[in-house]
Every structure is written in structure tokens, then in C-alpha cells.
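Undergrad: So the chains spell out like this:
Number of protein chains: 2
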Amino acid sequence: MNYFPAALQDLADQFARLPGIGSKTAQRLAFHVLGLPQEEAEAFAEAILEAKRTVHTCPVCQNLTDRELCPICDNDLRDHGQICVVAEPKDVIAMERSREFNGVYHVLHGVISPLNHVTQDDIRIKELLHRVATSQVREIIMATNPDTEGEATAMYISRLLRPMEVKVTRLAYGVPVGSQLEYADEVTLSRALEGRQEI
Amino acid sequence: MNYFPAALQDLADQFARLPGIGSKTAQRLAFHVLGLPQEEAEAFAEAILEAKRTVHTCPVCQNLTDRELCPICDNDLRDHGQICVVAEPKDVIAMERSREFNGVYHVLHGVISPLNHVTQDDIRIKELLHRVATSQVREIIMATNPDTEGEATAMYISRLLRPMEVKVTRLAYGVPVGSQLEYADEVTLSRALEGRQEI
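Chains as they are written, first to last, in the working numbering: chain A, 972 to 1170; chain B, 972 to 1170.
Just chain A, with the same shape it has in the complex:
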């Protein structure tokens, strides 16, 4: 038997469908929203609709934006000949935080992952190839996550790019700054050794 009013149960069900939210947490969230003042609950509902209404992908780099072109693609001071390829919009933010990169981005919106039924056609690879074919690109920097799927996706894309005569590079592997050697795993260490540089 269900002791919750139907509308409360519906709301809890909506929360439970979000990633990482279990049914207990969903219930707690539904109670919380129900306890909000009317205008705050309306603001929440409106925020969902407004995000869906105004946010779309940039036609050039596929990053999320609410403008015609995203602020980075629209910036003439950035080097449009250098494209950093990342898996997700949040990776753009991580790269920007480093303040080291002045090129532009390409967001794949995922990585190739046969186990999760994500094929090369499900992520924005076509758009990248089209971009390289139709504009002056000197270098593609692959910056997918350094895990199996990120690696495989980077390799797949770099093979597609080979005939297009563009330089393709990959973020360096190595020990993270501020970390301790004794905790570094052996694969990272051997990659760090391989990529050692003169000082």
C-alpha cells in the first residue's frame, strides 16, 4: 500500500530517475521541495524549463551555450587553429581553469563505449572531421580521459584524422603535481619515465 499522496509520490519518482539518487533520497528531496515556499518551488520548475529552452550546443564546438556561438568560439583572441578535443562540457571548464590553453575546443559528448552501447556515431566525431576539413586547423590536442574508453576514442579519432594532414597530439601522461611517488601506480610511473624531459 502506498501511504503517500499521488503527486508527492510522482515527484519522488522524478527525483529517483536522476543519476545517483536512490528512492530514500528521492523521497527526502520530494519532502523538501514540498516544504519550499510557493515561489521557490515555481523557480525550481521554471529553472528546468528555462534550461531546456535556452541551452543548446554551439554549432562549431558542440559545447553547451545559450548564445548563437559559444563565448570561446566567438572570441577572436583565441587561436582557432588549435582544437582541444574533450569528452564532456565539464572537461572544457577543467581545461580553462589551467589558464594554459588559448585555442578552441571540440566537445564529443561522450566516448566510444561498446559496453554501454555508445558507438562512434553516437558522439560528435563527424562534426570534428567536418570542422577540420573546412577550416584552417593546425593541431588537434586529444584530451579525453586517460582511461580505457577515453584512450580508445582518442586513438580512433586520430586514425580518422591521419589522412587530413593535421598534427594530432595527446595530453602528457605522468605523475600528478603535488602527489607522492609512493602512491603512484606502476603504469603512470612507467609512462612518466617514458615521457621524461630534460631540465
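Since no wrong hints were added, every one of them can be taken at face value.
Note: identical chains are not told apart, hence a pair may lie in one copy or across any two.
Taking lysine to aspartate or glutamate pairs in the EDC-like style, the calculated list, with each CA pair at most 20 Å apart, reads:
no.	residue 1	residue 2
1	Lys1138	Asp1050
2	Lys1097	Glu1122
3	Lys1061	Asp981
4	Lys1061	Asp984
5	Lys1097	Glu1059
6	Lys1138	Glu1122
7	Lys1097	Glu1136
8	Lys995	Glu1067
Everything labelled a hint here was simulated from the structure, so no lab data went into it.
Starting from the known structure of chain A, arrange chain B on it as the hints suggest.
TA: Just chain B now, kept in the frame of chain A:
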């Protein structure tokens, strides 16, 4: 600098205001909602508004309901002379799950908690007193949580009820069924000993 479109950031901020949701999780949830089909996003927003619109507290027991009277208060087969006082609507569900109680409930919507600035006037104590004064109540069963604030609230209410000539009882303390004695804390054990019963 903020690299998210404003509407996406707004949505993430809305999620971040929910209890137990940090800013990283809020961001992930906002991305997820943005990726939903239009009609599912609309259903989510509508569920928030619908819950606010239809769910209110039962005028008798203060539990949440979408009817005039909640199904329990509206049920003539339940014993309306026995009121179980709980802190939250979810506690009603826990009690109902035991299938042992055939009385009715009173939901306080909180416990007295000076540290969180919740006073006796912020929870539904007046409504309980009014109910006891105006209807035939034989017994009040205090079933607030067995922690400091739940205890203090139960004690406070039972003092208010004393002049009203109604029997006031408390859920029994003891070792949980299916638990192991070696893991029971000493306060629980001494309460279990105190409340021992002949077999």
C-alpha cells in the same frame, strides 16, 4: 569566470539548494536534466508544481495528503481513540509497515530543537492539544525518534497532556530484533534490562 550558460548554472544552483546535494552533484544533475527529452523535462517541472498544488496537510492528523481528510483519519475501521504521535510523515509509513497499529496518527512536522531554532511553536503541538481536548482520546503513544531531541519533545508534550487526563505512553526501548547483543550500546542494553518482561 563562469563557463556555463546562465540557465544551466541556475538549474545547477537550484539542485545545489536541496539537502545533501553538493555543487558537483548539482552540476551532474543539471546536465542530466538538460539531456532529457523535452517532454520528460516538462513532466519533471510539472511534478514539482503539481505536488505543491495538490498536497497539503490533513486538518486532523497533519499528515500530508491530497484529499480533504487523509485516508487514515477518514477510515472508520481505525481506532480514533488512540493517537500515535510521530515527528515526520515518513514515520507514519514506518509505523504502518509494522501492521501492528490500528489507531490514528498525529504528525508534528519536526521536533523541538533549540540548536536549530525550532521551538515548541514551530511544530504541530497546538493541533494535538486541540484534538485531545475536543475528541474522545484514550491514549497518546509517543513515537518520536529515540534520540535527545525526540525524547525531549515527547517529554514536553506529555507534560502538557498531563492535566488532560489521557493516558500517555512511549514506544518501548530495547534491543532491535535480529541484532546481536555484542554490538548493542550500553544505554540500549540497560534500557532493555529495565523494560524486561516475563516470558
